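Take these sequences, add in the hints, and give me the full structure.
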Amino acid sequence: MSLVLVKPSLEELRQLIGSAQHLEREKSDFSLFRGGFPKGSIIEISGFGKTELVSLFLKEHPDMKVVWIEKELTINPYALFQKGVKTENVLFIEAGKQLAWCVNQALQSGCFQALVTNLDVDRPTDEKDLRRYQLLSERCGAHFFLLSEDMHQCWVPNLQLKVSKKKLGFNIETEKRRMG
Amino acid sequence: MTVVCLEFEQPQNLQALAEIFYRATPQVMTRGDRFLFMDISKCLGLYSVNTFIQRTLVTLRKAGVRAKIGVGEDVPTALSFAVLDQRDKLALPIDTLKYYFDPLGEQVELTQKVVKMTELLKSLGVRTLKDFLKFSVREISTRFSTVGLMAYYRVMGESPVPWKAFKPSEVITERHEFDLESPVDNLEPVYFKMKTMLDRMQLRLRGKGKRARQFDIILRQEHALNPAEQDYKISICLQLPYVSQKVILQVAKEMVDAQMAAKPIRHRITEFSLVVTEEIPYAMNQKSLFNQRREENEESFFQFVSRVATRIGEKAVFFTRIRESYIPEKTWEREAEPPKIPPPVDRLAERPLRLLPSPSQVHFWGKHLCWDDNVDEVVSLENREIVFSEWWENSLERVYYRLTTRKGRQLWLYRTAQGDFLQGEFD
Chain A
1 MSLVLVKPSL EELRQLIGSA QHLEREKSDF SLFRGGFPKG SIIEISGFGK
51 TELVSLFLKE HPDMKVVWIE KELTINPYAL FQKGVKTENV LFIEAGKQLA
101 WCVNQALQSG CFQALVTNLD VDRPTDEKDL RRYQLLSERC GAHFFLLSED
151 MHQCWVPNLQ LKVSKKKLGF NIETEKRRMG
Chain B
1001 MTVVCLEFEQ PQNLQALAEI FYRATPQVMT RGDRFLFMDI SKCLGLYSVN
1051 TFIQRTLVTL RKAGVRAKIG VGEDVPTALS FAVLDQRDKL ALPIDTLKYY
1101 FDPLGEQVEL TQKVVKMTEL LKSLGVRTLK DFLKFSVREI STRFSTVGLM
1151 AYYRVMGESP VPWKAFKPSE VITERHEFDL ESPVDNLEPV YFKMKTMLDR
1201 MQLRLRGKGK RARQFDIILR QEHALNPAEQ DYKISICLQL PYVSQKVILQ
1251 VAKEMVDAQM AAKPIRHRIT EFSLVVTEEI PYAMNQKSLF NQRREENEES
1301 FFQFVSRVAT RIGEKAVFFT RIRESYIPEK TWEREAEPPK IPPPVDRLAE
1351 RPLRLLPSPS QVHFWGKHLC WDDNVDEVVS LENREIVFSE WWENSLERVY
1401 YRLTTRKGRQ LWLYRTAQGD FLQGEFD
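Each protein sequence line maps, in turn, to chains A and B. The first sequence: position 148 = 148 (the numbering used here), numbered continuously. The second sequence: position 291 = 1291 (the numbering used here), numbered continuously.
A couple of the hints might just be wrong.
Covered by chain B, per the in silico footprint, the following chain A stretches (three or more residues, Cβ under 8 angstroms) [claimed, not checked]:
1) 88-97
2) 105-111
So these bits of chain B aren't anywhere near chain A, every CB distance computed over 12 angstroms [as the list claims (entries may be wrong)]:
3) Thr1056
4) Lys1130
5) Val1305
Quick partial rundown of chain B residues pointing at chain A, CB under 7 angstroms, derived from the structure [stated by the list, open to error]:
6) Phe1301
7) Phe1304
8) Val1308
9) Ile1312
10) Val1345
11) Asp1346
12) Arg1409
13) Asp1427
Derived by calculation from the structure, the hints in this document are not laboratory data. Since the model is a prediction, treat every value here as computed from it, not as a measurement. Note that CB positions come from ideal geometry on N, CA and C, so glycine has one too.
What follows is the structure, encoded as structure tokens:
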């Protein structure tokens, strides 16, 4: 009789020791993405239609206090209004060279439930910076929406989504989902 | 009439102190640089004399000054009570006649006559005002002429002192001079003094029903060769000015530190001042007793906005007010505070979520589209929309269309007589 080795997965082991539920973050529901977006984490979205996806999420959460930070603002508040976003709750910051400082301060203030930024589009973001933003957003429980042209190849973002527009609706692919 | 007199231990800038108390009553008057009078008789429906005195003590503590308080039925009595710390008018010594004759200290020569008269009365055994009032009007007028008569009537309460109109300063300035023998070479003494000065500044503004939106910190340097370099100026912007003094101090310190790091001060500091450059109306809120958390959140939000606005400029931090216009760049405006009026009804065709800061010219090359460093193939053109400017503006006509590229991008372009321009993207 041969001995069969059962090798449980990491997830199964976590469930066995009862730690799995602690890793699950609180989520904000979103009709276009099953399971919703986790709070206190970096959600990186790329592809054509990424801004619209975020605006539709904000539409579903009208009471959320939002800060929208860009180096040079290209977001059109009127289009956000057309999408149904409550623009009275959105603070816009055109940060210029102080972008990283503004993002830090916004997260540290703890006043916002969501932060939307494309970080510095001209310069690759340092992994250390992303890690710091991730810790800060975790502390204040805010959604950190990072709109990127190309996905960051680092481990920090909790959720990476690739979006493309269809005739009706979106095609959303989950590139990465990190627990914890 | 109920008059309160404050007698300060040290000579003070009474204009500034009068502005602080302007909030309690508009009837404010000064004597020299140590006495301040306030007529509160018309305001007793709002507060009692005791409440007023308690508040005055708190305000004086905040302003960092000490004073003795006298409350009387007229200006000279309040002045005498403050100086002598008494409460009985008739028991006041005869020396106080000079206060009754000239309570505002404006008639020095004639007051000398009153002093002589007082000496004479003392030699006759008249010690108090009660004794003085035992004389008849005729006796006073024949012996002491009009000067004595005026003092007599004032003691009788029959010749009230006319109140002068008080005018608050147009520009609020708080100044502090350091000891010229030992000017400061670091910022610690400045920060130490700044707290009291900010408190005073806020109290003065509040007296006028205002709050500071923007103020300058000016550090005067000792040996600046160029007069233009003598004053080192730092502007502080409080985008949402509903913040506590603690936060204002923190924002100011941060800004001073940042500016000093970028451009260090070259000489020692002999003087520094705060100058309010922009004021806005102050709306008082009832303190929420049941939702302290909300107040804390609002406070931290205002703090965040003020800090960011001070650092990167007030125009860079904003809310938006949605406007009705066909021209895409005019459909919203920057607002310092969340707009209170509801947005208009949306009657426009779908607008792109991304708008370029300025339209970029594009060129078509067969089926290909070139702009800046980008080349893409056009797949479809749709949604033509013609936009005209308002009739009172310069004539403008743009034909907008939505263009889908091979890479999947949806661009928003317009065509004019000058060519095709990319203005936005449906991202």
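Status of the hints after comparison with the structure:
no.	hint	verdict
1	88-97	holds (count 9)
2	105-111	holds (count 5)
3	Thr1056	holds, 37 angstroms
4	Lys1130	holds, 66 angstroms
5	Val1305	violated, 7 angstroms
6	Phe1301	holds, 4 angstroms
7	Phe1304	holds, 4 angstroms
8	Val1308	holds, 6 angstroms
9	Ile1312	holds, 5 angstroms
10	Val1345	violated, 11 angstroms
11	Asp1346	holds, 6 angstroms
12	Arg1409	holds, 6 angstroms
13	Asp1427	holds, 4 angstroms
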